[in-house]
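Now for the letters of each chain:
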Amino acid sequence: MFGMDWIDLGILLTKVMLVIAVNFLILMIMELAERRVSAFMQDRVGPNRVGPFGLLQPVADGIKFLFKEEITPSQVERTLYWLAPALVLVPALLTFSVIPFGMSFSAFGREITLQIADLQVGLLFIFALVSLAVYGTVLGGWAANSKYPLLGGLRASSQMISYELSIGMSIIGVLMLVGSLRLSEVVAYQTGSLFTILPRWNIFTQPLGFLIFLIASFAETNRLPFDLPETEPELVGGYHTEYSSMKFAMFFMGEYIALITTSALLTTLFLGGWDVPWVDEAALGSWGVLLSLAAFAVKTGFFLFLFLWVRWTLPRFRFDQLMHLGWKVLLPLAIVNILATGLFLYLAP
Amino acid sequence: MPAFEGINMSWFFFILFAALAVGSAIAMISQKNPVYSAVFLIITFFAVAGCYYLLQAPFLSIVQIIVYAGAIMVLFLFVIMLLNLRKEIRLPLHGPWQVAFAALFAAILLLQLVMFILAAVPTFHSAPGHGALSGGGEPLGLLLFTKYIYPFEIASLVLLVAIIGAVVLGRKKLPKEF
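If you read the protein sequences in the order shown, they are chains L and H.
Following the numbering used here, the numbering of the first sequence begins with 1 at its first residue and continues without gaps.
Following the numbering used here, the numbering of the second sequence begins with 350 at its first residue and continues without gaps.
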């Protein structure tokens with residue numbers, strides 16, 4: 001922020017706008033993809049009437065949400081009831097501000113990094129946002145002042161606190177290898193190759209950490225098989241039962257944006273970020289930049305599809321099974337992973 | 350090309366964060382509803398984290414958010430919600446002497462605080478960004494594992510004992526067959 005001129009400011013604002021716009025575009029695609037993929041997996045057709053192949057279905061849904069009646073039930077705590085949907089959406093979008101999504105290039109006589117802010121403590125910044133994501137759900141559930149949302153909010157807080165620990169512990173292995181909290185350096189570390197054939201991605205050097213992070217991120221984003229805060233059969237939608245119209249849509253959007261940022265994060269931490277294996281992007285000039293953007297998009301897209309795939313394949317866990325998995329399986333495994341990584345670093349120079 | 354004046358910007362943000370911290374701290378104690386108090390306390394933690402960041406201690410700032418705003422306050426909210434506390438009940442005062450004592454002790458505390466701050470002013474550093482808390486985690490980590498290794502280990506042992514104590518106290522009584 002200090003020592004910055006108008007061109008820098010313009011570039012920064014363009015990046016911010018671009019990231020938000022692309023996030024919302026992918027959100028619309030995901031909304032359609034969720035329904036089409038689920039239909040495919042259940043041998044149905046799915047929504048295909050609005051526009052070619054149903055491509056305009058998200059627009060139709062958006063218009064429907066806008067014109068639905070806005071209801072504020074009489075028993076709610078007004079301030080927090082109105083604030084909660086925003087508290088879900090904002091931390092989810094903020095996570096993207098530290099994720100590098102492409103190779104840096106030079107233009108306007110300066111180096112342009114395809115990352116909004118390369119924080120010194122980038123990895124911890126993400127950890128902080130993960131821990132804040134719970135507030136929208138919890139406060140929304142409380143402010144609705146009715147029994148099912150309250151139960152949903154309670155479930156959300158205990159579930160997210162439990163899995164946050166596993167997420168934090170699983171990142172430490174990556175941190176030990178890279179030796180820096182900067183996400184640009186996490187990506188830079190993963191370029192090059194391992195045993196000459198494999199790309200040096202953290203998924204190969206930290207397979208256990210990757211698995212723990214992946215499982216815990218299903219719990220953090222409230223996705224099936226861990227969507228206990230909003231189980232429709234038992235809690236009638238959980239924390240968002242009392243929400244309607246655009247406020248409900250904001251919870252919905254927040255959940256999908258969280259899904260997108262989690263996928264981007266998995267890509268950055270474990271799949272080499274924008275790195276294309278066996279290719280030296282820097283030697284390709286502007287094609288290298290486009291290639292790096294495409295690689296990032298493909299990897300993130302893979303994780304987005306994985307989230308859909310799992311949701312429509314696995315049944316929901318019981319709450320005690322969820323807690324058992326988080327505290328007695330994932331957390332000890334994450335600690336073992338840290339010890340193993342430390343031992344490896346000590347023995348191998 | 351106009352460059353943004355560094356010092357003015359950081360003053361602006363310092364005033365913003367400081368006012369936010371003090372304002373929401375006052376709002377926290379004057380709220381009747383415990384959930385709103387908790388929310389204002391979270392805002393206070395954020396404002397303090399902002400102040401740390403302005404002092405060029407990003408590590409401390411982010412740890413403040415992770416530990417206080419992200420973990421401790423979620424537990425607070427969990428307990429408040431679990432007990433389903435709503436409005437605070439105000440107890441009646443026992444007479445004018447109670448108010449007088451309260452005012453007297455508050456004045457003494459305030460005086461002490463002002464005296465301590467005034468005594469400490471000459472030792473304040475005007476230039477930010479030095480010492481173990483500046484920058485990323487490296488200098489702090491280095492100190493914790495070299496100079497302060499024993500206090501650090503003892504503190505972790507105390508925490509471990511406290512956790513075991515909490516588990517033992519909170520455990521349900523098992524039937525005799527077990």
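Be aware that a few hints might be false.
[Claimed, not checked] As a list, the in silico EDC-like pairs of lysine to aspartate or glutamate whose alpha-carbon atoms are at most 20 Å apart: (1) H:Lys-521 with L:Glu-234; (2) L:Lys-147 with L:Glu-281; (3) L:Lys-147 with L:Glu-77; (4) L:Lys-147 with L:Glu-234; (5) L:Lys-64 with L:Glu-111; (6) H:Lys-381 with L:Glu-69.
Hints are computed from structural coordinates only; laboratory data are not their basis.
Would the pair Lys-147 (chain L) and Glu-234 (chain L) pass a check requiring their Cα atoms to be no farther apart than 20 Å? Holds, at about 12 Å.
Is the straight-line distance between the alpha-carbon of Lys-147 (chain L) and that of Glu-281 (chain L) 20 Å or less? Not satisfied, since the Cα-Cα distance of roughly 55 Å exceeds 20 Å.
| request: For the pair supplied as a hint, Lys-381 (chain H) and Glu-69 (chain L), confirm whether the alpha-carbon distance does not exceed 20 Å. | output: With a Cα-Cα distance of about 32 Å, the restraint between Lys-381 (chain H) and Glu-69 (chain L) is violated, given a limit of 20 Å.
| field | 20 Å Cα cutoff - pair Lys-64 (chain L), Glu-111 (chain L) | value | violated, 44 Å
Would you check the hint for Lys-521 (chain H) and Glu-234 (chain L), treating anything up to 20 Å between C-alpha atoms as holding?
-> Status violated; Cα separation ~27 Å.
Requested in this report: Mind checking the alpha carbons of Lys-147 (chain L) and Glu-77 (chain L) for me, to see if they're no more than 20 Å apart?
Outcome: holds, 14 Å
This entry does not satisfy hints 1, 2, 5 and 6, going by the numbered hints stated previously.
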